[in-house]
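There are 2 protein chains.
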Amino acid sequence: MASLKGNCVLAQSGGPTAVINASICGAVQEAMRYPEIFTGIYGADNGILGILNEKLFDLGQEPADNIEGLKSTPAAALGSCRYKLKDLTQSRDDYERIIEVFKAHNIRYFFYAGGNDSMDTCDKICKLARETGYDMIAVGIAKTIDNDLAFTDHCPGFGSVVKYNATAIMEAGKDTEAMYTADTITVQEIMGRNAGWIAAGTGMARRSYEDAPHLIYIPEIPFVVENFVQDVKEVLKRIGYCVISAGEGMKNAEGKYISEMGGSFGKDSFGHAQLGGVADILRGIIESEIKVKCRTQKLGTCQRSAMHFASLTDVNEAYMCGQAAVKAAAEGISGKMVTLVREGDGANYRCTTGLADLSAVANGEKYLPREFMDERGTSITDAMRKYMTPLLQGEAPVRIGDDGLPVYVRLQKHRLAPKTGREYSAGKK
Amino acid sequence: MASLKGNCVLAQSGGPTAVINASICGAVQEAMRYPEIFTGIYGADNGILGILNEKLFDLGQEPADNIEGLKSTPAAALGSCRYKLKDLTQSRDDYERIIEVFKAHNIRYFFYAGGNDSMDTCDKICKLARETGYDMIAVGIAKTIDNDLAFTDHCPGFGSVVKYNATAIMEAGKDTEAMYTADTITVQEIMGRNAGWIAAGTGMARRSYEDAPHLIYIPEIPFVVENFVQDVKEVLKRIGYCVISAGEGMKNAEGKYISEMGGSFGKDSFGHAQLGGVADILRGIIESEIKVKCRTQKLGTCQRSAMHFASLTDVNEAYMCGQAAVKAAAEGISGKMVTLVREGDGANYRCTTGLADLSAVANGEKYLPREFMDERGTSITDAMRKYMTPLLQGEAPVRIGDDGLPVYVRLQKHRLAPKTGREYSAGKK
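Just so you know, the sequences run in chain order A and B. Under our numbering, the first residue of the first sequence is numbered 329, with each subsequent residue one higher. Under our numbering, the first residue of the second sequence is numbered 329, with each subsequent residue one higher.
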């Protein structure tokens, strides 16, 4: 066991998931088992921003029910952020501030749940601490619906976003099948900025030719308008309707986002290119080239926060990652991210945790293997089904209130008094 | 008991719901109890189009599991349509064709699940049959997520669309709350063309000031840009983020759809005004007037076909409506629509069925009572909560496959050989 004794702080970063709070729940409940090591268990408001701006709260004062409730509460109960720290060599201010806050509150353990940017942050904090002689431990917890982190078989959050999205497109498929005489085509926009894991995951809904999604488009496979028109026409010829999963990060052969192809579409009101307009672009192509009515839908953040139909396997694994991070830290391990390790397939699927270097994870990205899609690149293969099936097993239980709706937790966030004696205003507009 | 003996046909019309198949299940299972009256139980492909084009199938040949499975299958398993019959005085062709098909197949009972257009169709068929001396019975089954049918306390399909939508916006709310430092405002577009029942229903998710939706906009209350900007600013001032339920049919004081206010937004690619762009219009206002980042999301048909989180009360009541329609017909009642009658409130809520004249239903519309919204018109009142709560109770069971996803039914549709000896091509493009 590590001899290092002090407070620990937990933080969440990047886009929320249905299960990132389950990781926090696992970490907090595990940390409570070692009062001789973790003297206080703190949370940071909105990720690294909460540390920079010294907005901390005491998770030890939360009612046990609230901590337990995190297991079935979506999004990021501590608060999240998209604040990106500059490189250490470029600007040390932020990093030095972090160490300053850690020192002031005797924070010796830092747990960060997030994607590769967060692992990069975590890694740099580690390095600066070592450099400046501040004794501390930092461990990352894999999180991202996009499933694009390297060194882990899959990411907590991924199973749930696919379970929900595949179900939603299955239901949209039933709807389009019923209404094809009026609304013939449906294009559904699926999250996934650089990797097609989620869009491909919706392919799980297709058990027969008639089932949606009939066509899937992902960022890794260049989108060719002519092929698209031909593929849609083929589906219409065979069954009379068509449902399309369009990955928001779809690109053409030049690597340009399809969402930037349109006129006013694809730009936000400030004129910035914005992902998320891809369904409307495809609708434009369909209505001009095929001349049938097309609906578009964009489930947005509802995709990643759909706790009401989350994967129980995913929840359990996310919890396990939080636990494992604390266990590793208690053993004195630092500079690592907890990974998920698949052992066995199908009915023999079992998952344990492993550890990967933060710096390696920070610089890696994992794309959908080409063999997970068929030759045409629009349907999934058995290899994808085999990979995906265990991750969708079970439905996470959710408490339902007297009003018939889910009951989720909001933390009380008992504030810690600031101790650094100076203001800092990172990320303030 | 009616002495009229013959075949019956069931048909579905208009936008699907999570529970319209449960009504068909109730009707079929009930009809099977009277083999001495209903000699054959048929389905029509895509509503009235299936009758006009003589595309009929034998529901009596479906495996019992398929019929039972309709109880938990969303959309419209028989197929639906948006085909609107002209007025009897203008064009009798379609109506005469319907009677021709009925005669050819000895169809003496017609059950039509739909909204007011469908009840109008049903009524006119009744009248023409009587006029031409063809002995038959027609009974309508209330269906619409919009909940805008008159003479019924609520419509099958409404409870489920609200249960799911309220949950989705609750989850989007948790997401926005977590991410407010990056994405501060979320506008979610909610179905409901002329009535604000569903958008108002999402208000059920708001148990405290911090909970989404913070602002609700419905067609019945004129939208005023200045008030909107002021309301959003007020919410931001108090909690720093804001989630908005935007009814797709929102109108301004002149009764013009807000979705038609935009430039390229609000029109489809043929230049037709199209509902469904309202969220982008609101985003435009927010980003130009308040200058904070705003997300939009549009769940589209996923709203109305979300069987995976449907209201059990709704499923049971939809089933009961199907049963009641067949019972009424077996008693010789014709020209009526089955309604839902509320008896008791809160824990004493009980629901039975009643009957209303088809012609009365066809010409009525039911808007959200003004007292169901607060004075400002942006939040629901206790009166709405009291009305809504019983309709959201229970979660409909769904069968989950080995792949971790719901298993829904697709009917085999054993075709009936055409008997009229002539082609008809209603609704063909």
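Check the hints yourself; a few may be wrong.
As the list claims (entries may be wrong) - In silico DSS-like cross-links for lysine-lysine, where the CA-CA straight-line distance does not exceed 27 Å:
hint: 1; chain 1: B; residue 1: Lys431; chain 2: A; residue 2: Lys621
hint: 2; chain 1: B; residue 1: Lys431; chain 2: A; residue 2: Lys565
hint: 3; chain 1: B; residue 1: Lys714; chain 2: B; residue 2: Lys694
hint: 4; chain 1: B; residue 1: Lys619; chain 2: B; residue 2: Lys561
hint: 5; chain 1: B; residue 1: Lys621; chain 2: A; residue 2: Lys741
hint: 6; chain 1: B; residue 1: Lys714; chain 2: B; residue 2: Lys741
hint: 7; chain 1: B; residue 1: Lys756; chain 2: A; residue 2: Lys383
hint: 8; chain 1: A; residue 1: Lys414; chain 2: B; residue 2: Lys741
hint: 9; chain 1: B; residue 1: Lys414; chain 2: A; residue 2: Lys756
hint: 10; chain 1: B; residue 1: Lys565; chain 2: B; residue 2: Lys584
hint: 11; chain 1: A; residue 1: Lys619; chain 2: B; residue 2: Lys619
I should point out that these hints are in silico values taken from the structure, not numbers from a laboratory.
Numbers of the earlier hints that this structure fails to satisfy, in rising order: Violated: hints 1, 2, 6, 7, 8, 9, 10 and 11.
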